[in-house]
Amino acid sequence: MSNVAARTASSVTAVNLSTGKSKDKNLGSIVFLGALWFSLFFGIVVLVALIVDTAIDGAPRFDKYLFTNFTQTFDPTQAERLAASGRDPKVLSAEYSGFKSGIIGSIILMLTTAVMAIPLGVASAVYLEEFASKTSRFSRIVEINLQNLAAVPAVIYGMLSVGLMAALGAQRGIAIGGAVALALLILPVVIITTREALRSVPSEIRQGSLALGATVWQTTWRQVLPAAVPGISTGTILGLSRAIGEAAPLVMLGFGAINFAPAFPFIGSKIEAFPLEIYDASSNSQEIIRESASAGIIVLLVMILAMNAIAIIIRNKFQKSW
Amino acid sequence: MASHPATFSTGQSPAAAVDALNVADDAQTIGALPDDVVMETVNLNVFYGDFHAVHDVNLSFGKNEITAMIGPSGCGKSTVLRCLNRMNDLVPSARVEGSINYHGQNIYAPKVDPIAVREHIGMVFQKPNPFPKSIYDNIAYGPRVIGMKVDNMDDVVEEALRGAALWDEVKDKLKQSAYGLSGGQQQRLCIARTIATKPDVILMDEPCSALDPIATSKVEDLMLQMRKDYTIIVVTHNMQQAARVSDRTAFFTARPDETTGNRTGLLVEFDRTKDIFANPHDPRTEAYISGRFG
Chain A
1 MSNVAARTAS
11 SVTAVNLSTG
21 KSKDKNLGSI
31 VFLGALWFSL
41 FFGIVVLVAL
51 IVDTAIDGAP
61 RFDKYLFTNF
71 TQTFDPTQAE
81 RLAASGRDPK
91 VLSAEYSGFK
101 SGIIGSIILM
111 LTTAVMAIPL
121 GVASAVYLEE
131 FASKTSRFSR
141 IVEINLQNLA
151 AVPAVIYGML
161 SVGLMAALGA
171 QRGIAIGGAV
181 ALALLILPVV
191 IITTREALRS
201 VPSEIRQGSL
211 ALGATVWQTT
221 WRQVLPAAVP
231 GISTGTILGL
241 SRAIGEAAPL
251 VMLGFGAINF
261 APAFPFIGSK
271 IEAFPLEIYD
281 ASSNSQEIIR
291 ESASAGIIVL
301 LVMILAMNAI
311 AIIIRNKFQK
321 SW
Chain B
1001 MASHPATFST
1011 GQSPAAAVDA
1021 LNVADDAQTI
1031 GALPDDVVME
1041 TVNLNVFYGD
1051 FHAVHDVNLS
1061 FGKNEITAMI
1071 GPSGCGKSTV
1081 LRCLNRMNDL
1091 VPSARVEGSI
1101 NYHGQNIYAP
1111 KVDPIAVREH
1121 IGMVFQKPNP
1131 FPKSIYDNIA
1141 YGPRVIGMKV
1151 DNMDDVVEEA
1161 LRGAALWDEV
1171 KDKLKQSAYG
1181 LSGGQQQRLC
1191 IARTIATKPD
1201 VILMDEPCSA
1211 LDPIATSKVE
1221 DLMLQMRKDY
1231 TIIVVTHNMQ
1241 QAARVSDRTA
1251 FFTARPDETT
1261 GNRTGLLVEF
1271 DRTKDIFANP
1281 HDPRTEAYIS
1291 GRFG
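Here the protein sequences come in this chain order: A and B. Residues 1 to 322, numbered by this note's numbering, are exactly what the first sequence covers, in order. Residues 1001 to 1294, numbered by this note's numbering, are exactly what the second sequence covers, in order.
Be aware that one or more of the hints could be misleading.
[Unchecked claim] Some chain B residues near chain A, calculated using beta-carbon distances under 10 Å:
{"hint": "1", "residue": "S1093"}
{"hint": "2", "residue": "V1096"}
{"hint": "3", "residue": "E1097"}
{"hint": "4", "residue": "K1111"}
{"hint": "5", "residue": "V1112"}
{"hint": "6", "residue": "P1114"}
{"hint": "7", "residue": "I1115"}
{"hint": "8", "residue": "V1117"}
{"hint": "9", "residue": "V1124"}
{"hint": "10", "residue": "P1130"}
{"hint": "11", "residue": "F1131"}
{"hint": "12", "residue": "P1132"}
{"hint": "13", "residue": "K1133"}
{"hint": "14", "residue": "S1134"}
{"hint": "15", "residue": "T1197"}
{"hint": "16", "residue": "P1199"}
Rather than coming from a laboratory, the hints here were simulated on the basis of the structure. Even glycine gets a Cβ: it sits at the ideal position worked out from N, Cα and C.
All chains, please: the whole structure from these sequences, using the hints.
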């Protein structure tokens, strides 16, 4: 028996295995692999080209005035003439145009959005995950609608907020209107990621708490939510980083063309939003202001990437192995 | 020894013993019952939806005794255990018939609050499940949530940890995360956490199945120490463990339904541990404890 087995093994090695070619390297699989590589590179090359091009365009304008100045439209030569009468060209000339009002406005928008979206989203997710019956018809309808809401275009939320603000008789272009639209926009994202975070807390923790005589409420509040905080913050930051780049709903709400710092309390003030201010600058007739728009795009990109980086850091730092 | 209504003579061949499993389906041997009964199940039936998980279980748990529930997988012993402090309520489709009396009160009566039941009847789980908090907060959590009147929480924590034979190992790192402890220490922490709320009965669901032999022997020693203060009911896969620690043993088995093939758990024999292991009356018990099936 063992001789037979040995002979079979040697013939297998000689004849079948040492063919000198690989079935993984025939024409079909090479073409397919090439298509995969092309698809990958297409996306990356376009993105890199866009960023590099924008960065080169904006290169002359990476200075502190981008952050400290409002939009300034005086032609540099006129500004110099005005400066002769004793005024500072740095607060007049388009060379020193900045996005102060947009950056302040977007920060206010983000804070107001977060204040609305986080409690609503987390509370909804806690209800759905910890209290609602998983099999009920209601839960299933909510589930499907949440997925759909996450895919609704931002303009729709803008229209909704326009209607709401009009019904309340509020002024156009105030912070709260934009924040309502953006909060509605990211609410499904916050709910879905919070539910994921709650679901990842092992059921042994809940059972351990309940077995001690804790109520479901105590268990949720003292065990499950604290354990889910890293996941919740990650999802929330990712949602906010989507909201900060949104322009469409804010256009509908009449944002823009605000060239001063908003008055306290901010939520009722008319504010500018960073993406809108970049858009306005990019269509300005002066080359020097269009340059500042390119620099502004890079700043906005850095802000979004920084928020995403913070989300990733939180996720990695607090990642638990249960 | 009390006289047993023996249903089958012992000493059959293995094949005969396995045959007997099918014949002797509903036969039950109930040996000597405890004098001072803390809890009892009366005609306990458990269903998950349409699935009949446990059939007609009648057991009595004696004060300051350790009662072991043994049997093959799927025999319903864990289900019975989880009914004893209404943890089975957490399974949405679960339904219980019959009654479980705790000091004479049926804990499945309509007005009974399951939360209050769990304050009196604590539970230790199969896998150590400390909370992601400090050792101190793991212990203090129970007394806090049930609103126990506590003069000094430090004393409560120390007492609970001493009660679980863990104090000397952790007294210098009470503020550190419980996840830094070894598996055996984590399980004793879970026991300490349970006794911190001063329960009457402690349920243990295969408490040593995730532990190494040394950690297992520590937990078993602890159980024997705790017997003087608590009534302990333990589910175990490990027959040696049942023989070592328990005063009484209940043997369960599973009977497949002829049409659906679903396995319904039922109680076969309940007696003093030494009698069950030395002189089992039901051939199924004998087949199981001698390692012939299960």
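Now the hints, each set against the structure:
1. S1093: At about 9 Å, which falls below the 10 Å cut-off, the nearest Cβ of chain A leaves the hint on S1093(B) intact, so it holds.
2. V1096: Because about 17 Å separates V1096(B) from the closest Cβ in chain A, which is outside the 10 Å limit, the hint is violated.
3. E1097: violated (22 Å)
4. K1111: violated (17 Å)
5. V1112: Not OK, violated: V1112(B) not within 10 Å of chain A, min 13 Å.
6. P1114: holds (9 Å)
7. I1115: Because about 6 Å separates I1115(B) from the closest Cβ in chain A, which is inside the 10 Å limit, the hint holds.
8. V1117: Holds, about 8 Å.
9. V1124: Given a least distance of 8 Å, the restraint on V1124(B) holds.
10. P1130: Holds, about 8 Å.
11. F1131: Given a least distance of 6 Å, the restraint on F1131(B) holds.
12. P1132: holds (5 Å)
13. K1133: holds (8 Å)
14. S1134: violated (13 Å)
15. T1197: Hint on T1197(B): holds, closest Cβ of chain A at ~6 Å, below 10 Å.
16. P1199: This interface hint holds because 8 Å falls under the 10 Å limit.
Violated hints, listed in ascending order, are 2, 3, 4, 5, 14; each of the other numbered hints is respected by the structure.
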